[in-house]
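Novice: These protein sequences, in sequence, are chains B, Z, P and G. Yeah, the first sequence ends on 372 if you go by our numbering, and it's all consecutive. Yeah, the second sequence ends on 372 if you go by our numbering, and it's all consecutive. Yeah, the third sequence ends on 372 if you go by our numbering, and it's all consecutive. Yeah, the fourth sequence ends on 372 if you go by our numbering, and it's all consecutive.
Calculated directly from the structure, the hints in this document are not laboratory data. Where hints are given, some of them may not hold.
Because identical chains cannot be distinguished in the list, a pair is counted as satisfied if it fits within a single copy or across any two copies.
[As the list claims (entries may be wrong)] The list that follows gives simulated cross-link-like pairs (lysine-lysine, DSBU-like), each with its CA atoms no further than 30 Å apart:
no.	residue 1	residue 2
1	K326	K205
2	K200	K326
3	K147	K203
4	K370	K152
5	K370	K48
6	K203	K48
Number of protein chains: 4
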Amino acid sequence: MSMNTFGHLFRVTTWGESHGPALGATVDGCPPGVPLDEAMLQVWLDKRRPGQNKNTTQRQEPDQVRILSGVFDGQTTGTTIQLMIENTDQRSKDYGEIAQTFRPGHADITYHQKYGLRDYRGGGRSSARETAARVAAGGVARAALKALAPKLEVIGYMTTMGEMEIDRSAFDWDAIEQNDFWIPQDEATAKSWEAYLTKVRKDKNSVGGAIEVVARNVPAGIGAPIYAKLDTDLAAAMMSINAVKGVEIGEGMAAARLSGTDNADEIFMGPNGPEYSSNHAGGILGGISTGQDVVVRFAVKPTSSILTPRASIRLDGSATEVVTKGRHDPCVGIRAVPVGEAMMACVILDHILLHRGQVGGSVGETRGKIG
Amino acid sequence: MSMNTFGHLFRVTTWGESHGPALGATVDGCPPGVPLDEAMLQVWLDKRRPGQNKNTTQRQEPDQVRILSGVFDGQTTGTTIQLMIENTDQRSKDYGEIAQTFRPGHADITYHQKYGLRDYRGGGRSSARETAARVAAGGVARAALKALAPKLEVIGYMTTMGEMEIDRSAFDWDAIEQNDFWIPQDEATAKSWEAYLTKVRKDKNSVGGAIEVVARNVPAGIGAPIYAKLDTDLAAAMMSINAVKGVEIGEGMAAARLSGTDNADEIFMGPNGPEYSSNHAGGILGGISTGQDVVVRFAVKPTSSILTPRASIRLDGSATEVVTKGRHDPCVGIRAVPVGEAMMACVILDHILLHRGQVGGSVGETRGKIG
Amino acid sequence: MSMNTFGHLFRVTTWGESHGPALGATVDGCPPGVPLDEAMLQVWLDKRRPGQNKNTTQRQEPDQVRILSGVFDGQTTGTTIQLMIENTDQRSKDYGEIAQTFRPGHADITYHQKYGLRDYRGGGRSSARETAARVAAGGVARAALKALAPKLEVIGYMTTMGEMEIDRSAFDWDAIEQNDFWIPQDEATAKSWEAYLTKVRKDKNSVGGAIEVVARNVPAGIGAPIYAKLDTDLAAAMMSINAVKGVEIGEGMAAARLSGTDNADEIFMGPNGPEYSSNHAGGILGGISTGQDVVVRFAVKPTSSILTPRASIRLDGSATEVVTKGRHDPCVGIRAVPVGEAMMACVILDHILLHRGQVGGSVGETRGKIG
Amino acid sequence: MSMNTFGHLFRVTTWGESHGPALGATVDGCPPGVPLDEAMLQVWLDKRRPGQNKNTTQRQEPDQVRILSGVFDGQTTGTTIQLMIENTDQRSKDYGEIAQTFRPGHADITYHQKYGLRDYRGGGRSSARETAARVAAGGVARAALKALAPKLEVIGYMTTMGEMEIDRSAFDWDAIEQNDFWIPQDEATAKSWEAYLTKVRKDKNSVGGAIEVVARNVPAGIGAPIYAKLDTDLAAAMMSINAVKGVEIGEGMAAARLSGTDNADEIFMGPNGPEYSSNHAGGILGGISTGQDVVVRFAVKPTSSILTPRASIRLDGSATEVVTKGRHDPCVGIRAVPVGEAMMACVILDHILLHRGQVGGSVGETRGKIG
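Starting from the given sequences, assemble the full structure and let the hints guide the process.
Specialist: The following block contains the structure:
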C-alpha cells in the first residue's frame, strides 16, 4: 500500500539515498525463531556489491550490513528487523551541473516534476544503490525459508546481455557461480561475454540484459486468487527493480504465439504426486504454484549513464548535451541477478506465510490430497 | 494486501464465481461528485461480453450491471460503490466428470491443492468471467478520470494473435473499433485474422495473443518510488488477468538487447514543456510518468480448454484424457482487450489520487516547473 | 486500510446506504472448508433486526441475507464471500426538508462538508443500518471460529442504559438471551429497564448505553506488537460502530485511578498452564492474549434523532429547529450488542489467522511452552 | 496494516528494542518540500526523555535522533524518512533472573507464549522505550502540519493521576508547559501532585493516569466512513500506546449515561461557518471532523514494575515473587503526554493527506459550502 513497502505478511520497506549517510530495509513479519546473524546477510550483499571486477561500476562500497533490531541470541524474535548499510564512498564532489541537468532515460526529470525537488547526488532515491537494501531483506527471507522449507532453492542467472544469449542446450547449473556474469555456461562462453562487454565499454556505450530466476521445490498450493496471485506479486516485485522493462512467467511473451496444443503441460501421476510433461506455465496455474520450478524472467534496459553525448535540457529549459562520466556499470543487468533472487525469496516466503495464515497446515503439506 | 483487492486509494475487490448467482466488484475510494449511472458502465461490459460474434465463446450472458450503492442523484457520493452482474446462462448440467478431473493448463489442480475443495462449475473463481467485474470497475475509473482529467484516454488493441501480427507502419487508430479483434488495421487485415482464427477453431485448437494498452495525456509526475511505481502497479494489474504470462512497458523484453545509445529517449524543450525524441521508456522513468504515452503490453496464453485430447489425471490419481467441449474462446486474448483497458484506467486513476494525496496540487499540474 | 474495509487477513468491506436497493459485506480471507449457509448468518441478523419489540425502531426490515459467492456445496471455498441484504422498507417519501437541514449530533453536516453532497435518505451511508452488514460478516467469522477454535465463545450484554446499571453481584449469563436488553439480570430487573425506557420515549428523549463483549477460551498468544495489538484492533473495531464514543479493555478508564498493587494480576501455575488472581488486564498484555477472558466495553451515545426540538441550521445557513419524527430507537445501544459481538468475532478470527501466518502452529497450541 | 506500522498515507513503522543498539521509526508518505531538520524533532524527544526530574525513571538516555534519509537541503523529498535513536544507557547487567521470570501485568509472559522466545533485556520490544520512536515520527508529522495547516495545534495534558484530578474550572492552557506533569493548573496544584507521587514512590507503589489531547483548528471534513473514521484511527492510535486501557472521544464513556437532549450539540450559523453550542461530540460526527476541537482522552494503567512483591511463576512453572528494582516511572502516564500528542499529530496529518487524495481540494477548504 505504501510507496516504499512490499509484501503482505513479510513486509519490506526500503529507505535511503545513494549519497546519504546510510540506506537499509525495515523488515516486518519475519517469523520468530529463525537463526539469523549479519554474516548470513553479508554473503548476499557481497554478491551484489560493486567494484569487484571490471565489468561493474568501480565505486568501492564495503556494503557492510548491520542488524539493529529484531534478533536476539542469534534468532529472530518476531519483531521488526532493521537492517542498515552505511554509505562510505559517496565522493561528495561538486554537483552543480547534475543539479541543473536531466539525464535522458533517468528518473531525474520525473522526480523533479513530481516532487518539485530531488536529491540529485548520485541519483538519490532512484539510484540502483537502493537494491542493496532489497538484497539484505532477501537474505532475511532466505534464512526464514531455510527454516520453513529447507529444500527450497532460489537461483538466478543471466540469459541475454545485448547481443549475447545463453545456449540452453549447454545449460550448466554448477557454472553459474564460476563466472562474473552468473551465466550457466562454460568458461569459454563467459570469456566471450567479457570480450563483448569490454567492447561496449570502449565504445562509450552500455547494453541491456535479461535475468531468469528459478525457485525450486516450492510447495504446491502457494499463491492466492486474483490480486495476490504468485505471478502477480512476482511481476510487481521484478518490475519494481530499477531499469526493468518486462517480466515473464514461464513462456512469457512467447505464449502469445503458441497454440493450445503446444502450450499445454500435460499431467501424469508420479510417485510423489502430480507430474507434468513440460513447464510452459512456469510453475504457476491460476496464480497458485503447481510444485514445478517457478520460473521468472525480466529485462533490464541499458543504463542511460553513458559516455556518448545525448541531447537533453536543463532546469531552466535550455538545451544541453549530457555525458555521464561517473563510475557506472556497462550492463546493470549483471548486478540485477542477486536483486532478482532477493525479490523471489521475499515473494515466496510471503506467500508461504499467507498460505499458512489463510489456509493453515504445514509448509510443503498441501491441503488437497491427490491419489 | 488482501487476496481479492487491488489499488491503493481507488480499491477494487472482485467477487463471484462463473456459475454462482452473481459476480461483481466492490469499489472503494472513488472521489465524490463523479457523474455515474449504469449505462456508463454497460458500454464497457458490452465490449467484453461473450457471444457477440463467432470469434468468441457462444455463452450468452447479457452481463447487465447494477449499481447497488455509492451513487445518489446521478453522482458518486464518496462511499463504497457495489456493482453486481447476475449470471443467467450457467447451464447447470452434470458436472460429474469435471468435478473429478483436472484440465491441463487450468487452475483446477492448484485450487484443489491449495484449498482442498473447489467450485468446479465453469472454473468457479478462476474463470475468466471474473474479468467482467474488472471491466465494470474500470468503467467507474473511466468516469472518474473523465471528471478529473478530461483529455486522458485509455485505448487497447491486439498486436499479435498466434502467427498473426499487426503491421505498425499501417497503424490506424480509427480502425480499432471497426473490427472484431480490436486491431489498428484495415478491414482486409481483419478478415485475414478471422480466416486464421477459423482455421485454429476447426483444428480443435486455440492460440495466444498479445494486447497493447496505451494511456494518452497522462500528466507528468504520476507514480511513486519503489513499490508503488506506476510500472510496478501496471505489471501487477496486467499479470493478475487470467492467462497472462508476460508484461512489458515500452520496449519491454527487447530492452535487454538494446544499447544505451539506441535506448535513450533524448529530451528537448517544447512549447508546453519537455518533449522526447522517442518513447522507448513507455512513458515511465523511475516509476513516474513523463507525460508521454504510457504503453503497456501483455501476452495471453492460448486457452487450455480445447477439443484436442490432452493427458491428465483424476482426483484419485488415475490417468485420463481431457477434451473440453464447452463454449470456449479460440483466442481468449481478444476479450482481454477491454479487460486490459479497465486495469489501466484503474491504475492511472489510483495514481492520480495517490499523487494528489501525497504531493497535492491539481491533476495535470506538476509540482516541479521546468523552463 | 481503505475507507470501508477492516481486518488484516480476514477482511470485511461493507457497502450500502440506508435507503438504497441493498447493503452488504464483501468478506475476503475466510479460510476454506468452513461449513456455511444463509441460515447460520440469519440467526445473528435476526438478533439485530429492528421492529421486534417496542424498545427498538419500528422500521420493518426482514434483513434476509443472501450469500452470492465464496460458498460451494455448503462450505467456504477460500474466495471472496459476498453477502447481500436487500432493503425493503425504505419509505421513500418526501425528503425535501431533510435534504436541506442538518440534524444536530448527526453526520449530516460533516458528510456534506467533506463530500459536497450526501445521500440524505435515512442517513445514507452514516445510518446505523450499515451495522447489519457487520453482523452478517460477523456470522461468517463465528462460523470460521467454530471450525478453528470450537470452545471459543463471544457474548455481549448491556451494562448501563442511561441511569440504569447492572448489578454485577447478580450477574447471570443464562439470563442474557431472556430479555429485550440483553442484560445478565433477572426478569424483574429487565422490567425496570423497560419501564425506564418507556418513560424516556414518552419524554421525547433518548439515552445512551454501555455494552460489554466477552470472548472466552481465546488461546493465549493471539495478537501482535504495536499497531496490530489485539486491544488496538478491538478499540478500532468498536469505535468504528455508529455513535460509539469510548472503548475500554479490562479496567478501562478506571485504570487511571488505580495503584500498581491493586491493578496487578498475579500469576500462578494451574493444571493447564498459567492462571491469574484477577483480570484487570481484560485478557490482554502487551497487545497479546493471556488466555483469560478478553473483555471489551464501549459506550454508545444517545441518538440525536429525538422528538424534542433542537436548534440547527439549513444548507443555506438559516436557523431552524429540528424534530426527528422517524422511526428511531430510544436507545441505539440495545441493538449495538450483536454488532459489538460481530466485531469481536471478526477481530479474534483475524488475529488467529494472523498468528497462524506469522508464527505458525495450530490454534490453541501456544508456541512457548511453560512448565 | 502490518504488525509494526500505522497510518494510511502517512505511514510509520517503528523498530527497535529497549536494550538493542538503536531504535527508530521508518516514515513513508511525508509530503515533499517540508522544512525539516534534527533539531525540529529533538525538541519533542526532549519532552519525552527520561531522567529529567525525580518524577520519572532515572535511566539516562540522551535520545539523540538522527535523520538518515528522505531529507535533502533542509527539506523532505517525498521519499522514506529514516529516524534513528541510539541506545546508550542499556546497563547490560546480569539478566539471569529476569530471563526466567514473568513479571505480573507485563508482556513478558504473552511474548513468550506467542513467540517461544523474547528479548527479555529491559522488556525488549514491549518496553515503553518504543514510544521514543513514535515521538520522533510525530515530530515529522508536526513539521508537515506546520506547512500544510499552519494554525493547527496539538496539545496534551494530564487530567488525572491516581487520586489527583484537575479542576476544569481553573483550566490554564499557559500553565501546561510550566510543570512536570503537564497539567493545566497553577503551581500550587502541581506541587500537590508532586507530593502525592512522592508518597506513591515511597510506598513502593505506582499509579495510573489519564491524558487528554486536543487538536485545535482542524479543518472540517477530515475523516472517512466506517473503518477509517477519524475517531476509529485515534482510538487505535492511543490504544496502541503501552499500558493504555481506555480511549474516549468527547464525552467518552459518560455518553452512555446521558440523554439525547443533554448530549446534543446544537448548531448555529457563525460568521465563518457553522458553530456549536457545546462539544459533547469531541469534534467528530460520523467519523468526520466538525471543525471544533478534536478531543481524545486515554487512560494509562499503573506500571506493574513496582518494589512491592507480587506472586508470579518462572519459565519452568515454579512459583516465585517478583520485585522490580530497576529505574521505573512511578506514573508512566506522565511521559505518555508527548506520546499521545505524537499519535494525534500523525493521525491528523494522515487524514489530511487521505482527504486530499480521495476528495481533493486544499487543506481547510471544505468541499460542501454552507450558508
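Novice: If a hint holds in the structure, say so; if it doesn't, say that too.
Specialist: Hint-by-hint comparison with the structure:
| no. | hint | in the structure |
| --- | --- | --- |
| 1 | K326 <-> K205 | within (10 Å within a copy, 59 Å between copies) |
| 2 | K200 <-> K326 | within (17 Å within a copy, 57 Å between copies) |
| 3 | K147 <-> K203 | neither (43 Å within a copy, 50 Å between copies) |
| 4 | K370 <-> K152 | both (21 Å within a copy, 28 Å between copies) |
| 5 | K370 <-> K48 | neither (40 Å within a copy, 40 Å between copies) |
| 6 | K203 <-> K48 | within (25 Å within a copy, 53 Å between copies) |
Checked against the numbered hints given earlier, the structure breaks hints 3 and 5 and satisfies all the rest.
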